[in-house]
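Student: In the order they appear, the protein sequences are chains A and B.
If you want my numbering, it's the 1-based position in the first sequence plus 109.
If you want my numbering, it's the 1-based position in the second sequence plus 831.
Because the hints were derived from the structure by calculation, they are not lab data.
Incorrect hints may have been included.
[Unchecked claim] Subject to a maximum C-alpha distance of 25 Å in a straight line, what follows is the list of computed SDA-like cross-link-like pairs (lysine to any residue):
(1) Lys152/A to Gly1012/B
(2) Lys384/A to Ser1057/B
(3) Lys287/A to Glu478/A
(4) Lys152/A to Asn510/A
(5) Lys1024/B to Met419/A
[What the hints assert, rightly or not] Below, a sample of chain B positions facing chain A; criterion: calculated Cβ distance under 7 Å:
(6) Ala905
(7) Tyr1016
(8) Pro1017
(9) Ile1022
(10) Ser1026
[To be verified] Just so you have them, the derived chain B footprint on chain A, three or more residues with Cβ under 8 Å:
(11) 113-120
(12) 154-164
(13) 170-180
Think of the CB as a built atom: it goes at the ideal place given N, C-alpha and C, for glycine as much as any other residue.
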Amino acid sequence: MDFSLSTEHEMTQKMVRDFAQKEIAPVIKEYDRKQEPVPTSLKRMGELGILGLCFPVRYGGQGMDYVSLGLACEELEAVDTHLRVAMSVHTGLCSMTLFQWGTEEQKEKFLTELASGKKLGCGAFTEPGCGSDVSAVQTSAKRDGDFYILNGEKMWISLASKADYAMVVARTNPDAKKPSAGLSSFLVDLHSEGVKTGDLHGKLGVRAGSTGWISFSDVKVPVANRIGEEGEGFKITMAGFDHGRYTVASGATGLIRASRDVSVKYALERRTFGKMIGEHQLVQQKIAQMMQDYEIARMLYLKVGWLKNMGERSTLATSYAKKFATEASFNAANEAIQIHGAYGFSDEYDAERYLRNSKGAVIYEGSSEIQTLIQAGYALGFREDKPLRCELPAYDEAFWNE
Amino acid sequence: MKIIVCIKQVPDSEAKVVAADGKASWGDAPLVINPFDEYAVEGALQQKEAQGGEVIALCLGPETAKEALKHALAMGSDSAILVSDPALGAVDSQGAAKLLAAAIPKIGGVEMVVFGRQTLDDGTGLTIAQTARVLGWPLLSFAGAIKVDGGKATVERVFEEGKQTISASLPAVVSVVQSIGEPRYPSFMGIRKASKAVIPQWSLADLGVTAPTPVVTRAALDNPPSRDVTCEIITGETPAQIAEALAEKILAEKVL
Chain A
110 MDFSLSTEHE MTQKMVRDFA QKEIAPVIKE YDRKQEPVPT SLKRMGELGI
160 LGLCFPVRYG GQGMDYVSLG LACEELEAVD THLRVAMSVH TGLCSMTLFQ
210 WGTEEQKEKF LTELASGKKL GCGAFTEPGC GSDVSAVQTS AKRDGDFYIL
260 NGEKMWISLA SKADYAMVVA RTNPDAKKPS AGLSSFLVDL HSEGVKTGDL
310 HGKLGVRAGS TGWISFSDVK VPVANRIGEE GEGFKITMAG FDHGRYTVAS
360 GATGLIRASR DVSVKYALER RTFGKMIGEH QLVQQKIAQM MQDYEIARML
410 YLKVGWLKNM GERSTLATSY AKKFATEASF NAANEAIQIH GAYGFSDEYD
460 AERYLRNSKG AVIYEGSSEI QTLIQAGYAL GFREDKPLRC ELPAYDEAFW
510 NE
Chain B
832 MKIIVCIKQV PDSEAKVVAA DGKASWGDAP LVINPFDEYA VEGALQQKEA
882 QGGEVIALCL GPETAKEALK HALAMGSDSA ILVSDPALGA VDSQGAAKLL
932 AAAIPKIGGV EMVVFGRQTL DDGTGLTIAQ TARVLGWPLL SFAGAIKVDG
982 GKATVERVFE EGKQTISASL PAVVSVVQSI GEPRYPSFMG IRKASKAVIP
1032 QWSLADLGVT APTPVVTRAA LDNPPSRDVT CEIITGETPA QIAEALAEKI
1082 LAEKVL
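One chain only, chain B, in its complex shape (with noise of 0.2 Å):
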């Protein structure tokens, strides 16, 4: 079975984002691969486990990607394809679906598209919607477990309210959730053939498409307001004057 996993590169979870003139910055912190991905390229990885084939990391954003790109290679993808293009401005959740849906064809015999469930950074979750609605495909989101029988992926759902089994024929996108196992360690064997190995990178022309105008365009980025804290100290003779004096304060306050 080859299967596609969709990644992309994020700043640090312990990243500080602020935003400045409109744009959101994180200083000189580290990009990663988005930790919900590398449940996909587990999810992924689990998969070709079970029915052989292969796993292709693909991955839509500037060059510097090719390091996450290169963390999935480590922890086991064969192959990996990066989508990139001066042309590209910021791209919306709709056109990095287009994008993805037109490499996807191109790597050609694709029977399952794996996503994480969000990113670290955007975070709307629309892409592996809108991917699999411009592809033409069944979404099979938030599995916990998936499994692969005659053509067809049937997959557990995780969510706050419980559990929900459904399936459809492949190929089908699928988006994990952390159910799914925790992401394995990249092998030294895996570090070696990432550290060496060459990515290519498909172009717009590539792919033969133009830079997709963005439907949902940022108006404004803020920071959280700033809030005015003061810190007070009770005191009392015993703990149980201090709780009490806490106590009150507490209910003057309406806290409770």
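Chain A extracted, bound-state conformation (with noise of 0.2 Å):
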């Protein structure tokens, strides 16, 4: 078994991270307290290929493999957590999701628009009444002719007011046995008439990044942006969260990284009791748990980009990594800020941003309870990973570089 990167790997994980660290890391804190978008961040990802990537040039990707996707996660969310929730939605959630259940058309026309930056995905599925409960969605899509006609409102979006598209599920027929089996999903232009789109503010944390709502009223969605059959909408959509999850997995890890830094450079230099507190041992168990954490967090992600780029499932690793290095990130950036002590409760620090950063990764995509629930169904049975019609394809170098 070979655990070392490649060069390929190593020269991208230091791309990303100059970049973030050049262009991002001296304005952060200014737009964190302001609580608004770093202007220059999505144009900058997507200039420099960021954005697309892990998709094949051929579609406008930068050819590079899905563990080059998890690295390039771990170094922006190092930076700041918005930066990676550009990620999970535009590359993740939407043009992943293209990617594996569109047609060659569809990828024609859409995924190059988005692997090369030009135009910018989300994923639009929680809605105000519905968040883990994706079956329960009421946005509706009613076909007419060679449209579908969609109605409803979707809430927490990311990037809900920056995409120019948005994948969405909704459902299609209200009369399913299983409801589930009512959803299709549909690359929907937000520029259509009848789309609104708003943020929303006084979020606990991911502060520089955009979030908000869309509503559909009436709007008239083509046949072929269809992305799948009808009905294929629930399967679509827990695809893409796989892809989207690993995307937060890989950035979790990352702000266990920072926590763990920004800690050993304190313990360092903060002096109590005559001697350094990283002399004290209290102090140097958050740190041991630290290291130890961000090293299982990163075997965990790394193991699931080697899956993808087998082209095999990665439900439960996905599961395991996304639960694991969420809540370890929470826990990490909470004991960062008490080994700072009162400076770690100030903004002055980045401890207390990372704490706030990390908590919403714990809700969002599929909240740890529900990672419990979908670990213990693989291990009674409850669950298991049925072929889907569309996988994601594997990573091939020769396919992915023509």
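With the hints in hand, could you dock these two chains into one complex?
Tutor: Next up, the structure:
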């Protein structure tokens, strides 16, 4: 078993780290305090190819593999969560879902725009009345000739007011026996008539990111924009979560690392009782836990990246990685504040931002409770991976770079 | 236009360098392309974009220095060459200049050699002028902007006192400063190309030279003397009292 990263992986990691450290780290406190999106983040991530990192060159991507995507997310969230959130919704939920389920025509038309960063995408599943319970979505899509007419409201949607396209799940068959069988997926042009979007304010964390709502009022969506068959919406959304959760897991790993790094730095500077606080065993215990959690979280997400490269299903492995890394990132940020003492309570230092940013990911894209049910479901035989009509293509270096 | 960009691999700028037994040591800190040389690569690539042609990254160093060359490739250099030989011991700036000046004619047809203003490790900044001297080419140093027209290079030199515009006929050696523009990030396409690149390695025999004898040797290398620092917290009832006490202390210590 080879645990080493390739030169390509290492150079990707360094490039993304340099971008985030040079361009975002110096301004992040200012925008987080103002609760405003960093104006350059998305533009630069598009220009540099980060948003389309893992897609074949033929579809406007950069031709890198899925491990590179995880490594990039780790580097982005080590600086600020809003950068990784863009990867989760644009790259994971929207573009990778399209890559997995879209027809060749749809990939050529839409994925090329998204992977090249010319257009931005997001994922619109959650509604005011349902989050984890995806099969309960109320947004409706009624067929009318060559169109579907969409009505409904989506809530807590990252990049809602910034994106050009949203991967939307809506109910096409209200009479389906199982509610989940009545759903279908659509790539909706958010510039269409009848679409309204807005931002949500007053969030605990990710304050330099954009989170909002989308409302659909008699929005005409061409049949050509339906992703997959009618009734496949639930499966498509769940498959999309495998991709989104992978980016969340790898990003949260970066947040553990960031908490560890600021803790180590402070523990070597601050003195109490005549010595550096790093010499106190109770501080060492906290730092050792962060070291261990970082290592475990990293191995878990890299395994998911490897499974994706091999073209194997990764729902369970992704669930482990997502639950472990997001919970560990919350704990690491919490202990980083404790190590910083009163200074940790102030936004003069980064630890409090890490804590506020970490909490969302324990909730979204399948809360920890949902992950627990997924894992128990596999153990007890209530769940199994059934073959999907469309699988995420395995990484094929030659095809990716043609 | 064929442009050579000379780069060096150095310890990361965040590495803690200490002197031990007369040698510099930076523990297991990563080795990176000299940050000043990233500006040199940027300057060279700008010229390639303006004039057409190719950029070749050239490095003198151990085999590990191929990693620094890969960075230059990922930024957009067309090819890279490493000059390396087990017979090379300590190389001073003049020795480095002789070796680089032997490699440049072997590449052939070179019209411009670009350097960063200095290296982060030894930092003498001498190799640039010495290379120009050995080649017998004009040196245009501290360039913040480069313009090539009709076989002539004109550069805007940037230094503390101001700016100066000078020109010389090609071929020429140019050293660049930060005003040339922020170095571009490696592109993903560049990363893929660089990670697969097989970088040719030229030995002393390939260059037809022997190991240069250093004219400057390091007699000693010491850590800076440790400073004896004491910390005193000044207290008082009001900010005004604290300020007064602080001002008295500063005057008593003759800091002001």
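Student: Which numbered hints does this structure break?
Tutor: No hint contradicted; all consistent.
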